[in-house]
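16 is the number of the first residue of the sequence shown in this note's numbering; add one for each residue after it.
Hints may contain errors.
Claimed, not checked - Restricting the straight-line Cα-Cα distance to at most 25 Å, the calculated cross-link-like pairs of lysine-lysine (BS3-like) are: (1) Lys48 - Lys525; (2) Lys511 - Lys450; (3) Lys236 - Lys221; (4) Lys543 - Lys511; (5) Lys167 - Lys68.
Said to hold, decoys possible - Computed beta-carbon distance windows for the label pairs: (6) Asp522 - Ile326: 56 to 62 Å; (7) Leu178 - Gly312: 20 to 26 Å; (8) Ile527 - Asp74: 34 to 40 Å; (9) Gln141 - Pro375: 25 to 31 Å; (10) Glu143 - Ile527: 20 to 26 Å; (11) Asp246 - Tyr445: 32 to 38 Å; (12) Asp246 - Asp371: 21 to 27 Å; (13) Gln141 - Thr377: 25 to 31 Å; (14) Ile335 - Gln176: 34 to 40 Å; (15) Gly166 - Gln542: 31 to 37 Å; (16) Gln542 - Asp457: 42 to 48 Å; (17) Ser428 - Lys77: 29 to 35 Å.
I should point out that these hints are in silico values taken from the structure, not numbers from a laboratory. For every residue, glycine included, the Cβ atom is placed at its ideal position computed from N, Cα and C.
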Amino acid sequence: MLRKRLYTVFLLLIIASVGYAQQRFDIILKNGKIIDGAGNPWFYGDVGIVKDKIIGIGDLSKSQAAKTIDATGLIIAPGFIDVHTHIEGDEKKTPTADNFIYDGVTTVITGNCGSSNINIAQYFKQLESTKLSVNVASLIGHNDVREAVLGKAAVTPTATQLLKMQGIVEQAMRDGAVGFSTGLIYTPGLYSKTPEVIALAKASAKYHGVYTSHMRNETDKIFDAIAEAIDIGRQANMPVEISHFKVGLPNWNCSADMIAMVEKARQEGLDVTVDQYPYTASSTTLNVLLPDWLQDGGHDSVLKRLNNPLIHQKVVAEMITDMQRRTRQHFDYAVVAHCDGDPSINGKNIMQINMDKGRPSTIPNEIETILDITKAGSASMVFHGLNEDDVTRILQYPLTMVASDSGIRLFGSGVPHPRGYGSNARVLAYYVREKGAIRLEDAIRKMTSLPAQKFHLTNRGLLQPGMFADIVIFDAGSVKDQSTFEHPHAYSTGFKYVLVNGNITVDNFKHIGTRKGVILRGPGYQQK
């Protein structure tokens with residue numbers, strides 16, 4: 016019996032080799048260390064591509080190709096899938112998506128944190144007209160759905176209004192959205208109660224969507240927030256992705272307990288996973304420092320309230336209490352990334368800006384500085400509030416995906432978080448090569464097959480015959496994130512070739528302007 020099996024295997028190998036010898040490929044990537052994306056150990060081999068698909072993997076030395084790329088000494092891996100981006104509004108400005116492509120990203124999922132286009136069909140049509148360098152999938156965002164029906168007010172929807180919101184979500188899923196996202200610290204989503212979110216999540220679940228959540232809290236009430244996210248998935252009977260999994264003060268070093276909650280949910284039978292950007296700073300709007308009630312009705316309402324001395328005093332008092340709760344002495348951890356109202360403060364922290372105004376360095380004065388910026392139109396911020404031990408522990412968790420939480424960067428604009436340029440390269444350079452926190456093969460799995468599986472991205476995320484040819488070729492010994500907090504506008508280095516749908520997009524370390532990304536629609540898509 017054993018001899019018969021060996022003979023069969025030998026015969027199959029001969030047939031395969033003859034087939035490849037007769038096959039003519041468009042592109043052959045030869046002599047590379049192949050990491051297939053599944054977490055398997057690397058192996059030497061070649062990859063053969065015809066049009067947009069991988070056709071052969073193995074010894075293709077006897078095959079012919081219109082173009083051959085020598086990958087000797089380099090890693091050949093699936094193109095990276097960034098599950099948490101915000102590209103809306105950036106597509107026409109920079110359709111080449113250089114910050115993603117130079118970081119090895121070939122596919123992005125946008126519509127996160129409750130913010131998306133609500134007409135997904137129209138949005139995808141616009142993307143197809145623009146033609147991007149990356150593939151794009153989108154979620155349908157709770158905040159924009161809610162605003163379309165209820166505005167920015169702190170109200171509870173009526174049964175009729177809830178049905179209308181569910182209808183928007185269902186239509187988005189039929190138009191190809193991959194899931195439903197929430198941003199429960201942003202207006203107007205922060206005014207929603209859990210039953211509302213569950214009802215809308217169920218509308219997405221009918222079409223096999225994923226529930227992704229920027230939770231209500233990532234500091235002192237982190238465990239309540241995780242429990243809510245998991246319970247929404249439980250009640251809606253759908254997979255859960257907890258966005259940018261992290262924790263700030265006063266719960267530093269509690270990440271093991273956070274992970275334990277995810278594991279407990281999985282033991283219960285719930286499909287819960289997380290994603291993370293590999294930095295000790297977060298980035299969002301300045302408004303997250305303001306009391307929730309102050310933001311009811313939008314910016315004009317905020318200004319009206321702040322002009323009332325009694326309300327102004329109440330805001331300052333609540334923000335002082337919040338700083339005490341966070342065990343913070345100053346707002347020096349909060350750095351302005353971009354302020355349209357006053358670009359001169361870009362790159363400065365709130366404590367510095369307050370001192371520049373000639374005010375004593377006290378929390379009440381720094382709060383007044385925050386309110387001044389708010390009145391001028393607010394700002395995007397970088398918050399240095401995380402712990403390296405937590406970041407590492409979360410990255411080591413097998414079900415953590417790597418994400419940037421970024422849009423398409425306009426090179427040179429503002430002082431943004433470096434995650435938009437270097438998240439994947441940072442994992443490969445620092446956490447794999449320098450720190451040895453995870454294996455290279457495991458890092459690649461977190462960037463490829465794991466997100467493809469989670470978001471139903473068919474035939475993506477693996478190097479196997481029949482898969483789409485989204486591929487990166489890089490030097491594991493030199494790949495590096497060049498973007499820093501002080502000097503963020505720098506592309507990652509080390510990715511010698513990037514292919515999107517079989518089209519060379521980075522050639523010998525240079526983005527050549529190829530724009531062959533496609534729209535990736537969810538499993539609920541119903542073509543009209």
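Consistency of the hints with the structure:
The straight-line distance between the Cα atoms of Lys48 and Lys525 is roughly 21 Å, inside the 25 Å bound, and the hint therefore holds. Among the hinted pairs, Lys511 with Lys450 is consistent with the structure: their alpha-carbon atoms are about 23 Å apart, no more than 25 Å. Only pairs whose Cα atoms come within 25 Å are accepted, and Lys236 paired with Lys221 is rejected, the gap being roughly 31 Å. Among the hinted pairs, Lys543 with Lys511 is inconsistent with the structure: their alpha-carbon atoms are about 40 Å apart, more than 25 Å.
Annotation: proposed proximity of Lys167 to Lys68 is violated, straight-line Cα distance about 46 Å (limit 25 Å). At about 58 Å, the CB distance of Asp522 to Ile326 agrees with the hint of 56 to 62 Å. In this structure the supplied range 20 to 26 Å holds for Leu178 paired with Gly312, their Cβ-Cβ distance being about 24 Å. About 29 Å separates the C-beta atoms of Ile527 and Asp74, a value inconsistent with the hinted range of 34 to 40 Å.
Restraint check, Gln141 to Pro375: a C-beta distance of roughly 50 Å breaks the suggested window 25 to 31 Å. In this structure the hint that Glu143 and Ile527 lie 20 to 26 Å apart at CB holds, the actual value being about 21 Å. Distance hint check: the CB atoms of Asp246 and Tyr445 are about 35 Å apart, consistent with the given range 32 to 38 Å. Between Asp246 and Asp371, the C-beta spacing of about 46 Å breaks the proposed range 21 to 27 Å.
At roughly 48 Å, the beta-carbon separation of Gln141 and Thr377 lies outside the given 25 to 31 Å, and the hint is violated. Restraint check, Ile335 to Gln176: a C-beta distance of roughly 37 Å satisfies the suggested window 34 to 40 Å. Taken as a hint, the range 31 to 37 Å holds for the pair Gly166 and Gln542, whose Cβ atoms sit roughly 33 Å apart. Here the CB-CB span from Gln542 to Asp457 is close to 37 Å, at odds with the stated 42 to 48 Å.
Judged by the Cβ atoms, the range 29 to 35 Å given for Ser428 and Lys77 is violated: they are separated by roughly 51 Å.
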